[in-house]
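Colleague: Work out the full structure: start from the sequences and follow the hints.
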Amino acid sequence: MRRFGSATQLAAPVALLALVGLAGSFTSRSVQFQFRFALVMAAIVIALYVFIGNSGVVSFGHVSFVAVGAFAAGLTTVPEALKLSLSPDLFPIIASAEVGNAMSLVLAAAVGGLFAFLVGVALMRLSGLAAGIATFAVLVITNNVLRNWEAIGPGARTLSLVPESTSFMQATVGVIAVAILAFLYQRSRWGRVLRASSEDPYAAQGSGVNIYRQRIVAFALSGALAGFAGGLFVHLLGSITTQQVYLDLAFLTLAMLVIGGVGSLWGAVVGALLVSGVNSLLLSAEDGIGLGFVDVDVPTGTRLVTLGAVMALIMLFRPSGITGGREVRLPGLR
Amino acid sequence: MPDAMLEVRDLEIRYGGVPAVRGISLEVGKGEVVGLVGPNGAGKSSTLLAIMGMVAPHRGDVLLDGRTLVGRSTEAIVRGGVSLVPEGRRIFPELTVDENLRLGLQGRRSREGAEEDIEQAAALFPVIREARDRHAGVLSGGQQQQLAIARALVARPSVLLLDEPSLGLAPKVVDDVFTALAEIRERGVTILLVEQRAQFAVGFADRTHVLANGQFRLTLTPADAGDTDKMAAAYFGS
Amino acid sequence: MTDALQTIIDAIALGSVYALVAMGIGLVFGVMRLVNFAHGELITAGAYALVLTNHLPLAVGLLVCFATVIGLALAMEVAYRPLRTSPPTTMLVTTFAVSFLLQAVALLAFGARGQNANVLEKLNTAVSIGDLRIRWVTLVSIALGAVLLAGMALFLRRTDIGLQMRAAAMDFRTAQLLGVRATKVIRFAFVLAGVLAACATVMLVVSRPLVTPSYGFQLVIPALVGVVVGGLDRLTSATLGGFAVGFAAAVLGDVLPADGRVFLDTALFLLVIVVLLVRPGGLFTRSRAAWERV
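Residue numbers (my numbering), protein chains in the order written: chain F, 1 to 334; chain P, 1 to 238; chain D, 1 to 294.
Be aware that one or more of the hints could be misleading.
[Said to hold, decoys possible] SDA-like mimics (lysine to any residue), calculated; alpha carbons at most 20 Å apart, straight line: (1) D:Lys184 - P:Glu99; (2) D:Lys184 - P:Arg79; (3) D:Lys184 - D:Asp160; (4) P:Lys230 - P:Gln215; (5) P:Lys30 - P:Asp65; (6) D:Lys184 - D:Phe155; (7) D:Lys184 - D:Ile70; (8) D:Lys184 - P:Gly203; (9) P:Lys172 - P:Ser140; (10) P:Lys230 - P:Gly203; (11) D:Lys184 - P:Asn40; (12) D:Lys184 - D:Arg158; (13) D:Lys184 - P:Lys230; (14) P:Lys172 - P:Arg187; (15) D:Lys184 - D:Lys122; (16) P:Lys30 - P:Arg187; (17) P:Lys172 - P:Phe204; (18) P:Lys172 - P:Gln215; (19) D:Lys122 - D:Thr53; (20) D:Lys184 - P:Ile184; (21) D:Lys184 - P:Arg72; (22) D:Lys184 - P:Arg111; (23) D:Lys184 - D:Arg81; (24) D:Lys122 - D:Leu58; (25) D:Lys184 - P:Arg109; (26) P:Lys230 - P:Ser73; (27) D:Lys122 - D:Phe110.
[Stated by the list, open to error] Just a sample of chain P residues kept apart from chain D, beta carbon distances all over 12 Å, derived: (28) Ser73; (29) Glu99; (30) Gly107; (31) Arg109; (32) Leu124; (33) Ala148; (34) Phe236.
[To be verified] Among the chain D residues that face chain P by a calculated CB cut under 7 Å, a handful are: (35) Leu108; (36) Ala112; (37) Thr159; (38) Ile161; (39) Gly162; (40) Leu163.
Hint data in this document are derived by calculation from the structure and do not stem from the laboratory.
Note that the Cβ used here is the ideal one computed from N, Cα and C, for glycine as well.
Modeller: Here it is, written out as C-alpha cells:
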C-alpha cells in the first residue's frame with residue numbers, strides 16, 4: 001500500500017508533464033514553442049526544488065548552473081569557425097570541441113554539477129539570510145565572468161546557430177527524467193535525512209548528521225539537473241546570451257517554485273506549468289489576441305507586473321504555495 | 001477572598017501540539033502576593049508569558065480586574081497595568097541605567113507623575129542613583145535585577161509579575177531583592193511571583209501553588225516553609 | 001597628487017550617498033530583521049517623481065519626490081506586516097518579489113528607455129579650490145551626508161522614539177514586554193529610511209540624470225553588499241559598510257584599467273562571499289558573532 005502511495009506521488013507530476021507534452025504537439029506551430037518552453041522551465045524549477053525543497057535554504061544562484069550548462073551545450077554544438085569569429089581569444093579546447101546533441105546535454109549536466117559542487121563546498125555552511133546573499137553573489141559573479149571573459153565564451157555577444165534539437169520528445173523525456181531523479185533523491189536516505197535536518201537542525205546534529213555534506217550532495221545534484229535543463233534551454237532557443245540566463249530567469253523560476261509550492265515536486269511542476277501558461281497568455285495578450293468574442297490587448301509589461309504581484313501576494317499570504325508544499329495523495333492511502 | 005485583581009481560568013498552553021500547561025486556575029487578590037513554584041519545564045514561565053500576551057493560550061482565560069486579556073496585544077496589556085520582570089532580567093546592557101529606566105516608562109498610561117515614580121524607584125533601589133549614566137552591562141547580577149524591577153515599576157502597574165528574580169543571585173543579594181519586594185507589596189501592588197528556588201517564594205507569598213508537568217499539585221502557605229516534605233514536593237513537584 | 005585627491009573627494013561623496021542608503025536599510029533591519037531588497041525601488045520612485053516634475057519649480061519637485069518616497073516606504077511597512085513572524089528566507093524572497101514587481105510597474109509606466117530628470121543642474125558646475133576642480137554636487141553630497149548622519153545619530157540618542165528604536169533593534173521581545181509599540185517603531189524606521197533614501201536620490205539624480213526602471217535596484221545591490229560586509233546587526237557598522245563600498249567603487253572605477261573595470265562586480269561580490277564565510281557578523285563589528293549557526 002505504501003509503495004502504491006509513493007508511486008502516485010511520482011506518477012502525478014510525470015503524468016501532468018507527459019500530458020502537456022502530448023497536448024502541445026497538437027497545437028499550432030507558434031504555440032508549440034510555448035509548450036516546449038514550459039517543459040524546459042519545469043526542468044529548471046524541479047532542479048531548483050531539489051535543493052531548496054529538501055534543504056530549506058534559499059538559493060538565488062541556481063540560474064548560474066543553467067547558464068554554464070547552456071553555454072557548455074551551445075559552445076560544443078556550433079561550428080568552430082563561428083566560435084572563433086565571435087571570440088578570437090577562445091581557449092583552443094573550447095573552440096575545437098564539437099559533440100553530438102545528446103552528448104552536449106550530458107556535458108551540460110556535468111559542467112553544472114561540477115560547478116555546483118565547487119560552489120557548494122564553499123557556501124553550504126551558510127544558512128538563511130547569509131545563504132541567500134551569498135548565492136545571489138554567485139549569480140552576479142557568474143554573469144559578470146561569462147559576459148566579460150572572452151576566452152571561455154562569446155562574452156556579451158549572442159551565441160547563435162545552435163541546433164534546435166529540443167523537440168517535444170526531447171523536452172518531455174528530458175523533464176520527466178529530471179522529475180524522476182528528483183523523486184528518487186527525495187525518497188533516498190540522503191534526501192530524507194536532509195529534509196528532516198532542515199526541519200529540526202539540532203536533532204539532526206545530535207544524531208550525527210553532517211548537514212554540510214548533505215547539502216553539498218543536494219546542491220551538486222540540483223546543479224547538474226539545472227545544467228542539463230540549461231542544455232535543453234539553449235537547444236530550444238537556438239541561441240543564448242548572458243542576459244537570458246540572469247536576473248529575469250532567476251526571478252521567473254523562483255516565482256514558479258514559490259507559487260507552486262516550495263516543499264514538493266508536485267508544487268514545482270504545477271508552479272512551472274501554471275505560471276508558464278499564464279505567462280504565455282499574457283505575452284500573447286500584449287500583442288493583442290482574440291479570446292473567442294472578446295479582444296484582449298494589454299500594454300507591454302503587464303505580464304511582469306502580474307507575475308510579480310502574484311508572487312508577492314503568495315509570499316505574504318500563502319507562503320507554502322498553491323499546493324501547500326504537499327505531494328499528491330490518493331484519498332485513503334498514506 | 002478580596003476581589004481578584006488577576007485571575008487565570010483553566011489555562012491551557014500548547015507549543016506546536018505539545019501541552020506545556022494543562023488547565024490551571026488561580027486568583028490573585030488585590031494587594032496579595034501569590035507564588036508559583038515547581039521544577040524546570042513545569043510551565044511557570046509559559047503562564048506568565050500567556051498573561052502578558054506573548055503566547056496565545058490554547059484554551060482558557062486571563063482576567064485583569066474582570067476584563068479579559070486574552071487576544072489583546074502585549075503593548076495593550078502593559079498599558080492596562082500588568083508589568084513583567086522577565087526571567088534572566090533582560091536589561092539592555094548597551095543602554096545606560098537611565099535609558100533602561102526610561103524604556104520602562106513606555107508602559108505607562110500617561111506621562112503624568114513619571115518623575116515621581118522614577119524618584120520612588122531610585123529610593124527603593126540605590127543602584128539607579130549611583131549608576132545612572134553607566135551602561136547597564138557593567139552592573140552586577142543583583143544590581144541588574146534591581147534595575148529590572150525598577151524598570152517594571154515605573155510603568156505604574158497594578159499587577160507585577162516576576163519570573164525567577166533569585167536566578168543566579170547569592171542568598172544575601174536575594175535577601176535585598178525580597179526586602180525591596182516587601183516594600184512594593186506595602187504600596188499595594190499585586191504580585192505574582194514565579195520561583196524555582198521555592199523557599200524564597202513560600203516564605204514570602206500569601207500562598208504558593210506548586211506546578212508540575214503543567215498542573216497544580218498543591219498549595220502552600222508560609223507556615224509550610226519549615227516542612228521538609230512539603231518543600232521537597234515544592235521543588236520536585238511530586 | 002591632485003588627481004589622487006580629486007579621486008578621494010569624489011569617492012567620499014559617493015560613499016556618503018551609499019551611506020545614507022545603507023543606513024536606511026540598516027534601520028529597517030534593526031527593528032524588523034528584514035533585509036528589504038526593494039529598498040532601491042524607493043530611489044527609483046523618487047527619481048521618476050523628479051522626472052515628472054521636471055518642468056515645475058524646484059521646491060515642488062523636491063516636495064513631490066519626498067512625498068512619493070515616504071509614501072512608498074509607508075506602503076511597504078503595511079505590505080510587510082504579515083512577514084513579522086516569518087523566517088528570514090521567506091522575508092528575503094518576498095522583498096525580492098516586491099522589488100521585481102515595482103520594477104515591472106516602472107517598466108510598464110515609463111518604458112525601458114531612460115528619461116531625464118534635470119534637477120539642480122547648476123550643482124554640476126565645478127568650483128576651483130586651489131588646484132582642484134570640484135563639482136558643487138560633490139561638496140553638497142558630503143555636507144548633506146554628514147549632516148544627515150549626525151542628525152540621525154542625535155535623533156536616536158536623544159529622543160524617546162529613538163530610544164525605543166534602539167531597544168527594539170537590540171531585543172525586540174523585551175522591548176515589547178515593556179510596552180514599546182511595535183507598529184509605531186517599525187513605521188518610524190520606514191519613514192526615516194524613506195527620508196534618507198529621498199535625500200540620496202536627489203544627490204544621485206544630479207550626477208546621473210538618466211532614470212530607468214532599474215535605477216534604484218542597481219544602486220541598492222552594492223549598498224546591500226556594503227551593509228552585509230560592514231555588519232548587518234549594528235546601524236553604525238552597516239552605515240560604515242555602505243560608505244566603504246561607495247568609496248571603494250568610486251576609487252576602483254577611477255583607478256582600474258579599462259579591461260579590469262568590467263570585473264568590478266565580481267571583485268565586490270567575491271568580497272561579500274569571503275566576508276560571509278569568514279566573519280559573518282561583518283567587518284566593522286567587534287565580535288565574530290554569526291547570525292545563525294547550523
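Colleague: Would you mind confirming whether the straight-line C-alpha gap from lysine 184 of chain D to phenylalanine 155 of chain D stays at or under 20 Å?
Modeller: Holds - the C-alpha atoms of phenylalanine 155 of chain D and lysine 184 of chain D are around 16 Å apart, at most 20 Å.
Colleague: Serine 73 of chain P: least C-beta distance to chain D exceeds 12 Å?
Modeller: Non-interface label on serine 73 of chain P violated, nearest chain D Cβ at 8 Å vs cutoff 12 Å.
Colleague: Given the proposed pairing of lysine 184 of chain D with glycine 203 of chain P, does the C-alpha separation stay at or below 20 Å?
Modeller: violated, 43 Å
Colleague: Against the 20 Å threshold, does the CA-CA distance of lysine 122 of chain D and phenylalanine 110 of chain D hold or violate the hint?
Modeller: Given pair lysine 122 of chain D, phenylalanine 110 of chain D is violated - Cα atoms ~26 Å apart, limit 20 Å.
Colleague: Has the given pair, lysine 184 of chain D with glutamate 99 of chain P, been kept, meaning a C-alpha gap of at most 20 Å?
Modeller: Holds, because 19 Å separates the two Cα atoms, which is no more than 20 Å.
Colleague: Is lysine 230 of chain P within 20 Å of glycine 203 of chain P, Cα to Cα?
Modeller: Given that 20 Å is the threshold and the Cα spacing comes to 13 Å, the pair holds.
Colleague: Does lysine 172 of chain P pair with glutamine 215 of chain P here, judged by a C-alpha cut-off of 20 Å?
Modeller: violated, 32 Å
Colleague: Take the C-alpha atoms of lysine 184 of chain D and asparagine 40 of chain P, compute the straight-line distance between them, and say whether it is at most 20 Å.
Modeller: violated, 36 Å
Colleague: Between lysine 184 of chain D and isoleucine 70 of chain D, is the straight-line Cα distance small enough, at 20 Å or below?
Modeller: holds, 15 Å
Colleague: Compare the distance between the alpha carbons of lysine 184 of chain D and arginine 111 of chain P with 20 Å, and conclude whether the hinted pair is satisfied.
Modeller: At roughly 18 Å apart (the allowed maximum being 20 Å), arginine 111 of chain P and lysine 184 of chain D satisfy the hint.
Colleague: Given glycine 162 of chain D as an interface hint, is the shortest Cβ-Cβ distance to chain P below 7 Å?
Modeller: Since the shortest Cβ distance to chain P is 10 Å, the answer is violated.
Colleague: Could you grab the alpha-carbon distance between lysine 184 of chain D and arginine 81 of chain D and see if it respects the 20 Å cut-off?
Modeller: Judged against 20 Å, a Cα distance of about 12 Å means the pair holds.
This entry does not satisfy hints 8, 11, 13, 14, 15, 18, 20, 26, 27, 28, 29, 30, 31, 33, 35, 36, 37, 38 and 39, going by the numbered hints stated previously.
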